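S.K.: Here the protein sequences line up with chains F and R, keeping their order.
If you read the first sequence in the working numbering, its first letter stands for residue 1, the second for the next number, and so on.
If you read the second sequence in the working numbering, its first letter stands for residue 303, the second for the next number, and so on.
Keep in mind that the hints were calculated from the coordinates and are not lab data.
Quantities reported herein were computed from a predicted structural model and do not represent experimental measurements.
Check before you lean on any hint, since a few could be wrong.
A few chain R residues facing chain F, derived, Cβ under 7 Å [what the hints assert, rightly or not]:
{"hint": "1", "residue": "352"}
{"hint": "2", "residue": "371"}
{"hint": "3", "residue": "416"}
{"hint": "4", "residue": "421"}
{"hint": "5", "residue": "463"}
{"hint": "6", "residue": "464"}
{"hint": "7", "residue": "467"}
{"hint": "8", "residue": "469"}
{"hint": "9", "residue": "613"}
{"hint": "10", "residue": "614"}
{"hint": "11", "residue": "709"}
Chain F is nowhere near these chain R residues, computed Cβ spacing over 12 Å in every case [to be verified]:
{"hint": "12", "residue": "378"}
{"hint": "13", "residue": "395"}
{"hint": "14", "residue": "398"}
{"hint": "15", "residue": "423"}
{"hint": "16", "residue": "433"}
{"hint": "17", "residue": "519"}
{"hint": "18", "residue": "558"}
{"hint": "19", "residue": "571"}
{"hint": "20", "residue": "573"}
{"hint": "21", "residue": "650"}
{"hint": "22", "residue": "729"}
{"hint": "23", "residue": "759"}
{"hint": "24", "residue": "773"}
Where a beta carbon is used, it is the ideal one built from N, C-alpha and C, also for glycine.
Listed below, chain by chain, are the residues.
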Amino acid sequence: MSTSRILWLTSGILLAWLEPWAGWNQALAESLSGLEIMERVEANDRAASDSAFNRMQLSSCRYGVKDNRITCAERPRIKSLESVGKNYGPEGKDTRSVTIVLEPAIERGVGMLTYAYDDSEKDNETWLYLSALGRVKRIASSNSDDDSEPASVFGSEFTTEDTDTGKLDEYSIRILEETTISGRDVWKIEMIPGEEQARKSRYSKVNYYVDKERFVTLRAEMFDQYDTEIKRLLAERVEQVNGVWLARSLTMMNLVSNRLSNMAFLEMYTGVEVEDDFLTTRTLTDVPFRETELENLRLQLD
Amino acid sequence: MRLLLLLSCLDLVLVCNARAVEAQQDQSSQTETDASYDPDAEFSFDDDIFAVAFDEESTAEKSWFDDFTIRISQQISGQVNSHRIDFGALGSLSKPTTVENNRVQINIRYQNAFAPGWLLQGTGWYRLYWDQDYMAGNTEIDSHTESQINDLFLQYSSGAHSFRFGNQTVVWGEMIGNSVLDVINHIEFRDFTIIDIEDARLNQPMLIWDYYGSDNSSFSSFINLYPEFNPAPVRGSPLFFDTGINLPDYNRSGKVLLEAGTQWKKSFAGSDIGLMVAYLYENQLRYDPPDSGSVDARPAINDFLLLGFSANRAIGRLLLNFDLAFSHNILANSFAFPGTSTLAAPVNLRKDQIGTSFGLEYSIDNEQDLSVGIQAQKILDPDAGLPTGQTLVSDEIFGNWLIRYSNNLRNGDLLFSTTLQGDLEGDSFFAALGLDYTLNDNWSLSSQIISITASAPSPLVIFDQDLRIGATLTFSF
């Protein structure tokens with residue numbers, strides 16, 4: 001068993017041992033500021049993406065309401081994805097990840113490599129492998145510069161702004177109230193982007209509902225410049241994965257277009273040994289190299 | 303002309319990659335077509351409608367069929383503007399309304415990483431031509447059917463090295479569709495609308511060696527063991543123009559031809575660059591007039607040396623692309639459009655040529671993209687070696703421009719695109735509108751309107767005032 005594997009298993013055991021002290025943990029949580037709470041939330045997110053191997057399903061549909069329940073008004077379109085990521089940088093706040101489409105068949109093999117930087121001075125970088133053209137292409141989007149617009153994640157209602165972490169210092173963060181969501185005690189936290197971040201964001205503010213015990217966002221409401229809610233994020237299936245509390249099902253509702261996308265994390269593994277060479281454009285084009293490396297990753301999970 | 307075709311190809315390729323094409327249906331999903339939603343109201347929600355994914359067995363046995371991707375397409379397209387093109391003293395050409403393509407095509411892709419480090423990949427198509435299709439009357443095929451194998455190669459990767467052997471393509475350059483460096487694969491000029499890029503871009507038997515450095519750099523070298531040339535347009539196809547002279551293939555007569563080249567690429571923050579050098583044969587055969595008493599033009603081949611540089615730079619939503627090519631010893635009087643200007647006066651001069659293609663891609667927002675590109679080429683020292691009174695057919699800068707806009711809606715299910723293109727001399731103008739709709743998990747429908755306006759000396763003059771409409775229905779699994 002690799003050293004890193006032992007490390008994350010150990011951390012999982014440690015967290016499990018600390019579980020009875022949740023009451024003490026909650027007492028500590030009561031004294032946290034909005035910024036400190038969101039830092040804890042982001043630390044969870046980063047832990048989930050570091051040296052991680054995930055299998056995901058991304059479903060999108062037009063939605064409506066039936067019997068007071070939100071439901072798909074058409075058969076959802078489904079993409080099956082596999083992703084590998086690793087954190088870099090002195091504080092592990094930069095992320096390199098590669099995502100490959102497994103289904104639908106016609107998109108099979110389409111891959112995307114992303115280098116996301118925490119430093120707002122550095123543009124994020126994205127390369128896409130176009131299997132029909134047989135070449136890798138750098139993509140002009142998903143950047144973090146002043147003028148860029150968040151890019152859609154594989155054509156879904158999720159954008160890179162929704163999935164990115166970091167840059168919390170560029171927001172004004174405050175706790176609005178303490179309430180409950182689905183029976184869980186939560187903080188309702190308002191995040192308003194600063195002047196610089198506002199130019200990059202589609203949202204004038206976001207309200208997060210953060211589980212007070214688990215530091216997981218259970219719901220988020222995104223508002224436009226007219227203070228109208230335009231998108232809503234709903235989290236389900238909150239589970240402890242490798243010692244970290246995470247939502248395995250995220251649904252983003254676009255309240256303007258009446259469409260939603262659900263991102264289901266079917267399998268999540270962290271602490272796997274990911275070679276740096278794997279997170280390069282070679283993985284997009286060299287299929288036998290990619291499959292061999294993926295097989296090596298899968299073997300670590302057994 | 304080549305650019306025209308590639309644009310058509312590109313439309314389809316980009317559509318294929320951009321749209322959220324069909325996926326397996328979640329049989330347990332609730333579907334309510336009459337549902338409506340008031341965002342101000344509070345409604346309950348749970349992810350039960352997507353829950354089946356969590357219940358599926360993730361380690362399901364892999365089926366041999368998983369290695370296949372199959373698309374079955376019915377395509378129909380035709381020229382709908384009945385008109386006549388006047389060539390003055392040379393007469394006129396009647397262009398009646400006619401169906402050009404009416405066919406079923408099956409595209410099969412096989413990709414199997416059958417052992418650690420090994421891959422076998424193959425692609426091909428099989429076509430059934432209905433009576434209205436121009437190929438149905440072609441005497442070179444039997445039973446209204448035709449098939450072709452495109453990719454078919456074996457790949458082995460180990461450490462920093464990767465080797466591929468078999469039929470494959472090599473694409474150089476940053477500009478998609480009109481790069482001056484994308485000259486290694488030969489092209490078939492047959493249809494205005496195609497179903498798959500490889501219906502037009504043809505493969506060749508090659509040995510390719512890739513070496514990946516640890517600093518985001520790579521070397522890719524190839525040897526083409528059997529260089530091939532652009533086939534003449536199929537008689538009866540929209541791109542066939544009857545000059546009364548046959549354009550036969552090149553007869554190698556046992557002569558061994560080889561092409562070879564290497565490319566070095568490196569990625570920097572926000573930019574990729576590439577340097578390349580290659581010894582190649584011009585894809586387009588040059589034809590000399592027939593011998594006395596023959597109707598067969600005499601094909602000739604020409605080898606040349608290519609030096610290239612490519613680069614891109616991402617600046618926010620903007621991506622700048624640049625390709626530069628220096629071609630040593632190309633035939634000055636060869637053109638890319640077979641059947642007309644390739645049958646040129648036999649000047650037989652070898653010249654150097656410099657060419658560039660550059661452009662930008664601008665991501666307007668998540669749904670809309672705009673790209674602009676220009677390709678320009680110039681033969682260097684055009685008058686040197688010419689007999690008195692002669693000039694080269696192209697002694698000035700020549701090339702083309704293109705603008706493409708696309709807008710995808712409904713998470714990519716509906717894609718609208720428009721392409722405008724013309725030559726730098728202003729002698730031809732091409733406009734295409736495309737609408738692609740993914741109907742459900744397996745079915746998609748694409749449609750296209752293409753309009754061409756051209757005047758002499760553009761070779762596109764034989765398509766002046768043509769208006770083409772086409773649609774393709776595809777079932778994929």
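S.K.: Of the numbered hints stated previously, which ones are contradicted by the structure, given in increasing order?
M.R.: 3, 5, 7, 8, 9, 11, 15, 17, 19 and 20
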